[in-house]
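Hints are included, so try docking the two chains, each in its own frame, into the full complex.
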Amino acid sequence: MERPILEIIKNIEEIPTLPMVAMEVMTLSKSPDVSIKAISECIHRDPPLAAKVLKLANSAFYRRGTQEIDTLHRAILMMGLNEIINITTSVSVLSVLGTRDKGGESLRIKFWDHCVATGLIARHVDKKIRMKAQGREFVGGLLHDIGKIIFDEFFHEKFMEAHALSIQRKCSMFEAEKEVLGTTHMEVGHFIAQKWGLPPYIADINLYHHQPGNAKFKDITSLISIANLLAKAKELSCGGDSVSFVLKDQEAWHILRKMGYSMDVLDIERITFEIEDIGEEVKTYLSAVSEEPVAEGANG
Amino acid sequence: MADYLPSAAVQMTDETFRLLRDFIYEHSGIYFSDNKKSQLENRLSLRLRANNLPDFDKYYYMLKYDPQASKELRALFDSVTTNETSFFRSPPQIQAFQEKALPEIMERRAEKGEKILRLWSAGCSTGDEPYTMGIVIKEILSEKIKEWDIKIFASDISEKALKSARASTYNEYTLRSVPPEIKTKYFTQSGSQFTVCDEIRMLVELQYLNFNDTKRVKLMRGFDIIFCRNVLIYFDDDAKKRFVAQLYDNLNPGGYLFIGHSESLHNISRAFKLVHFPGALGYKKE
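Protein chains in written order, with my numbering: chain A, 1 to 300; chain B, 1 to 286.
The following block holds chain B by itself, in its conformation from the complex (with noise of 0.2 Å):
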């Protein structure tokens, strides 16, 4: 077989385009928006090549009828998620949580007199997201933060990610979506590197978990507001079913559910109320 040359150069036609973004939304409920062509062109040639395919015509279609397809599955979720996560990602998610599920939530609890709150980062990787939901929450309550008992949980089944996210020291770079005055706040510098501060890392609580460990999974309980983001992308559709309905349980009722930016829960659950924010959905349970 020809060996095909780098395809960087191979374009991918609009109708192409919208049978692979259709083809891995109903796969995986991530979706690419008419503005990502570019995006999924760039990660997708990689596959292409790994494949020794000439065109993206050519890779849709064995991904459709290859019997081999389910692999290249994995392989293409892998290329189109490998996004590494940052500080402040995907920040109309991180405003919705900050000016509409907390205080909501958090007026509940202060209403009730119980000032808790529990939240959990399901797939924590590095730690950017845990360490961002704890700043968010500093910055709501400020020194009132010392009235309330707060915890936020974060999981990864990546050994190493925990041990970068126990470090807690980044690079400019993952910084990059944070505000200047954020970053001098929360943050302390040591050449190019910046290292979360105390009274943030306090507040979250890194832990090894295997989601297909259900038992431990089941034990999550009375949740706030879980971040969830590209972690269903990984299951195939009864796991996804399976987990998220676990997820439903892990929740305290008027709880959120925030999944990836563009990740969707058609098909998979309709226990929870789709909630429209700003540039961003949520996931209530009610």
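Bound conformation, chain A alone (with noise of 0.2 Å):
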């Protein structure tokens, strides 16, 4: 049976796309002997996205050294290449969804504290397991729930009558969602991120955060899985469901523990009190990526 609402959604032609330059940056980063000279020339294509990637990467949130980053080039060899094609992807996704609240009703800043929440929850839980990553935990946590955004965007009285539903029957949003809009953020996120030529396990994740024994990118979806309870439980969510969990019965943490990453001596409490705080980067990075870009600041 044909599930009306992702069909409606795989033709609404104003459903916005990524960038052109983002895209073929995506495409680049495939390669395996892609040069750096050839993703700066490619982000340079788009001053406006360029202008954002380094206002990023000298922003609070990334910037290591004293030095400006003035140029592309410089982001590279200083943030290496895998953490400029992380920075495009998430400031291009950012860009195309839209990070400010459109007032009323709208959870839209709530949604992004609770992705963001979750990038950084993941790269805190990569750095203690270990699992190396390399920024990919981060966009990952960022865009795991695009689908969520759709809904608002196109159905949002459906969505936000999901989210009533949630609530009201303390059950979770992908139940809701199922319910009253027919398909939930997962499979919606999976077929934007594919049409957005995301890179795959984005796509993954999307789909199997909530089952990540389905994934293809187990220990990465895992990853999510888990940071996505753990924001959660810092109460920076978006659905209505207020969560309890035993993290050592999940299905991500059995994962990860089988693939040999050593969950049995993890401080789970020590985790959980770190991340206490992490309101205040949430915003420092939301600031970071919803300032207007300068222009000037592409030229390099």
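In case anyone wonders, no lab produced these hints; they're calculated from the structure. What you are looking at is a predicted structure, and each value in this text was computed from that prediction instead of being measured. Keep in mind that the hints are not guaranteed to be accurate.
[Said to hold, decoys possible] To give an idea of the chain B side of the interface with chain A (calculated C-beta under 10 Å), a few residues:
| # | residue |
| --- | --- |
| 1 | 65 |
| 2 | 274 |
| 3 | 281 |
Yeah, the Cβ is synthetic: ideal placement off N, Cα and C, and Gly gets one too.
If you want it as structure tokens, here you go:
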């Protein structure tokens, strides 16, 4: 049976696309012998994008040294190609989806708070278990719920109805979405990630962050699954579900354990306390990506 | 030795904060998150003065390498936990108790046809905690409370604290986190003083108990929920392990232990299941 809303989404012409340059960067990044020069030249063809990437590279969130990073070339040298590709991916998706609150009863700001928190927590846990996901864990967390934004944008009323239902029933958002919209943010997010040519791990995370056992990229999807829960426990959540959970009973936890990560010695309490004041960092990141780019920064 | 000026002006660098924070966590299980830096700075500035030390680096060095450090550690614990108890302290924990732990236990009990609840406020101080527990239960059950057999045991080692708890009269400041409608409902006001009403007082049984009195602690059986907040900090690791193992035995299967917000049982017990509630942690006996 066709799922009507997913079918509608597949045919909505107004669904934005990623900037051409961003898609090219992602294609380039898949090539094993991609050069700094090629990526840098490619990003430069979209000056506003280049400016935003530089701005973020210089923000309190990413900046490591004291010296200003004034060219993309330098940014790549200092931060590594992977991180610049990560930043380009994040900036492009965020600029297309919009991080500003639409006013009224929109959940947009809460939504991004949750996504940034998930990315930050994933980064924190990545360090603890030494997954070395090289920044993909942050992007994966940041972009794990893009289906929800599409719902909010194109099916706002029904999405709000699903949100209210999840609060009333104390059930998860995806169960409520399934009932009200006939599809879930996971399916829609997966579709959009593929349509935009986002890296396959991001599409995978979108589809399977609630069932990491089915994922192809099991390690990073499990990591995001755990980070997602921890972000919700910090009450950085845009769903109606007020969660309680045992981390060690999660499928994601068992997967990572089986894969050889040192889950048994992890001090979960400490991690929980350490992410307590993550709210500030969330704000720092969001203000860095939301600010209007300075055009001259792009001429590097 | 130079007599240093009051150290209120002495700043703690971020690096020293992290060193001290980690040291305290390692020795007490209490965690100071980044936003608590000034709190720790304030509390420890008194210890600097008492030890006649010029800065926090020297204080850290003393804790780490001085043979007398264990004595100072006690004083440090005292100064980092002198936060007085209050009604509805650590709201996310109270919320977890009210919205998750209690309903779960009550449902199971009601299904079995045993409408009995046994709770323990271990280290109840002046009574704010057990009375808060009583108010929360009354709020959940309302008139149906009559169908239940409920007892909240509240114990402390300080007779003075127990005396205050018995008087059950508090000032505005202790009630600062209490919602106005709860205040009107469960307290009688007399001037600037508020006394807990009888229907809540009746739920609470106050008693003197020293946690070192293992025989008596063993007799505390069959609890559904135990609150033991900011108590473990006063024990060394061995004593902590013994006491927490005892608390585990004191609980019914399915029961919950709540320790202080930012307190940890990592390295102390693996018997419990760590449960994440919104903004709070709980330890469940399965």
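Taking the hints in turn, this is what the structure says about them:
1. With 10 Å as the threshold, the beta carbon of residue 65 of chain B stays out of range of chain A, its nearest partner Cβ sitting at about 24 Å, so the hint is violated.
2. The criterion of a C-beta within 10 Å of any C-beta in chain A is met by residue 274 of chain B, whose closest approach is roughly 6 Å, and the hint holds.
3. Look at residue 281 of chain B: its Cβ gets to within about 6 Å of chain A, closer than 10 Å, so that hint holds up.
Checked against the numbered hints given earlier, this structure breaks only hint 1.
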